[in-house]
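There are 2 protein chains.
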Amino acid sequence: MPRREITGFSNPAVKALRALREKKHRKAAGKFLAEGLRLLTDARECGRLPEVLVMATRREAHPLLDALEADVLANGGEVLEMAEDVLAKVTGKDNPQAVAGVFAEFDTSLVNLDRSAAKIWLVAQALRDPGNLGTMLRTGDAVGAGGLILIDACADPFSVEAVRASMGAVFTQRIVQARWEEFLPWLRGGPGQLVAASLREAVPYRGAPYQAPCFIMVGNESRGLPEDYELTCDLRVTMPMKGRADSLNAAVAGAVLAYEVLDVLSD
Amino acid sequence: MPRREITGFSNPAVKALRALREKKHRKAAGKFLAEGLRLLTDARECGRLPEVLVMATRREAHPLLDALEADVLANGGEVLEMAEDVLAKVTGKDNPQAVAGVFAEFDTSLVNLDRSAAKIWLVAQALRDPGNLGTMLRTGDAVGAGGLILIDACADPFSVEAVRASMGAVFTQRIVQARWEEFLPWLRGGPGQLVAASLREAVPYRGAPYQAPCFIMVGNESRGLPEDYELTCDLRVTMPMKGRADSLNAAVAGAVLAYEVLDVLSD
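Order-wise, the sequence lines are chains G and U.
Position in the first sequence counted from 1, then plus 11, gives you the numbering used here.
Position in the second sequence counted from 1, then plus 11, gives you the numbering used here.
You may find that some hints are simply not true.
The list treats identical chains as one, so a pair stands whether inside a single copy or across any two.
[Stated by the list, open to error] Listed next, the in silico BS3-like pairs over lysine-lysine satisfying Cα-Cα at most 30 Å (straight line):
#  : residue 1 : residue 2
1  : Lys130    : Lys35
2  : Lys42     : Lys100
3  : Lys42     : Lys253
4  : Lys104    : Lys253
5  : Lys130    : Lys104
6  : Lys100    : Lys253
7  : Lys100    : Lys130
8  : Lys26     : Lys42
9  : Lys26     : Lys130
10 : Lys38     : Lys26
11 : Lys104    : Lys34
12 : Lys100    : Lys38
13 : Lys253    : Lys35
14 : Lys26     : Lys253
The hints are simulated quantities; they were obtained by calculation from the structure and are not laboratory data.
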């Protein structure tokens, strides 16, 4: 049944869709939710189609939505139409134009990562805020990074919040999840410079000797990087701190560094 | 009564404290809430003491908390002690070490702003996310900016979320709230270069001819800056966008620009 109309709140499909807002259910299903026509169109243009497309039975026609629907059906996917009040239950929004897609989670294993695919890679260690994580994906897309490597226990990159904050970059950036004990041997198994902002034995971040592939690492929002991770870096750089604070927001620090690396590596 | 113990959930003080989580009650009271010993210590070191300090009756001693308490009392402020479960009701956290302070809102009028006090000022237009707003304050502190000027309908800089994300910068940065129709004549009444990231008739952001005092403006998270605001800028700059996206997170864009301006103005 490629196209179905869902009429009741108690339909199992509604329950399954709502469940994807919770990490344990996402992991069990191996699927995640992306919301909004813009995000779904970004995904489509990246060659990523949802397995299930969800929208209101009564909605205004939109050429991008028509194109999406046709592609999902042609690809063997399913289209679920539902009454506005049922849709609101799924999306948590009272918006009859809301659309959502269910995607299979991507492969996030380290072994399949091709480090030569890009000059810049972002690395986040124990990043807890899904908004920061999505913002780092978005920044990675902007600087032409290859992807975001998540070390240790980070927020889930497939949460609705992270996907939203990525502004579609979740579909363009490679996402890898690995423990430090896996990442470090992998990194040392080929070319790659590990860089972090630091307060110890560091050189100014402007014009520092960055080398591709450059792995820019930021740490947890409250604790920063563990000391041994920092000492393992090939290059530690400092950024000016003119005020009282001794650190920047993690996503901001990563972005300022990434734009500097981009400039140095473009010369 | 400089020191009081609050025993019941129904105490009017508890209700008044909880109400400060909502904007309308903050505005009516002219007060805001800051939470956590670190934030309150930052405030104290900036010469800002809470009018009311709130903490658990049974708590572990901490020298910074003792110092804070003494200063609040010496300054004529009030210390409220309450049972852990009552405190949890106020802070929304189940943490017996939680402390919170009630501060009088700061003057945010444009007329009292001294533009010569800093080389860099951040300007946000219709910024809706309190986390972004707090992050901009934190970035402003880091680059030695004078403050953050909020144009049109922005998130409330005195919300618990914005104060938390500012990591104390809410106490170091001047915060101004103004409509565009007020800001523009004020800006043109003295020296000041208005700069924004833009896609039209713009020069590369690296090494652009920034001049102090430099006002770096970012726009709303989804719509960006209104066209006429952008055209009014003295300098429009572009940042590399190597991927699919055509924009960065607002706080990230402001930070990357601010660090570039800092570098150019330091030469």
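Going down the list of hints, with the structure as the test:
1. Lys130 - Lys35: Classified as neither; 34 Å inside a copy, 49 Å across copies.
2. Lys42 - Lys100: within (19 Å within a copy, 36 Å between copies)
3. Lys42 - Lys253: between (44 Å within a copy, 28 Å between copies)
4. Lys104 - Lys253: Intra 42 Å, inter 33 Å, cutoff 30 Å: neither.
5. Lys130 - Lys104: So Lys130 and Lys104 fail the 30 Å test inside a copy (40 Å) and across (43 Å) alike.
6. Lys100 - Lys253: neither (48 Å within a copy, 37 Å between copies)
7. Lys100 - Lys130: neither (43 Å within a copy, 50 Å between copies)
8. Lys26 - Lys42: This pair counts as within: shortest intra-copy Cα distance 14 Å, inter-copy 43 Å.
9. Lys26 - Lys130: Intra 43 Å, inter 55 Å, cutoff 30 Å: neither.
10. Lys38 - Lys26: Within one copy only: 16 Å inside, 41 Å across.
11. Lys104 - Lys34: For Lys104 and Lys34, both the intra-copy (20 Å) and inter-copy (22 Å) Cα distances are at most 30 Å.
12. Lys100 - Lys38: within (21 Å within a copy, 33 Å between copies)
13. Lys253 - Lys35: neither (43 Å within a copy, 34 Å between copies)
14. Lys26 - Lys253: Intra 51 Å, inter 39 Å, cutoff 30 Å: neither.
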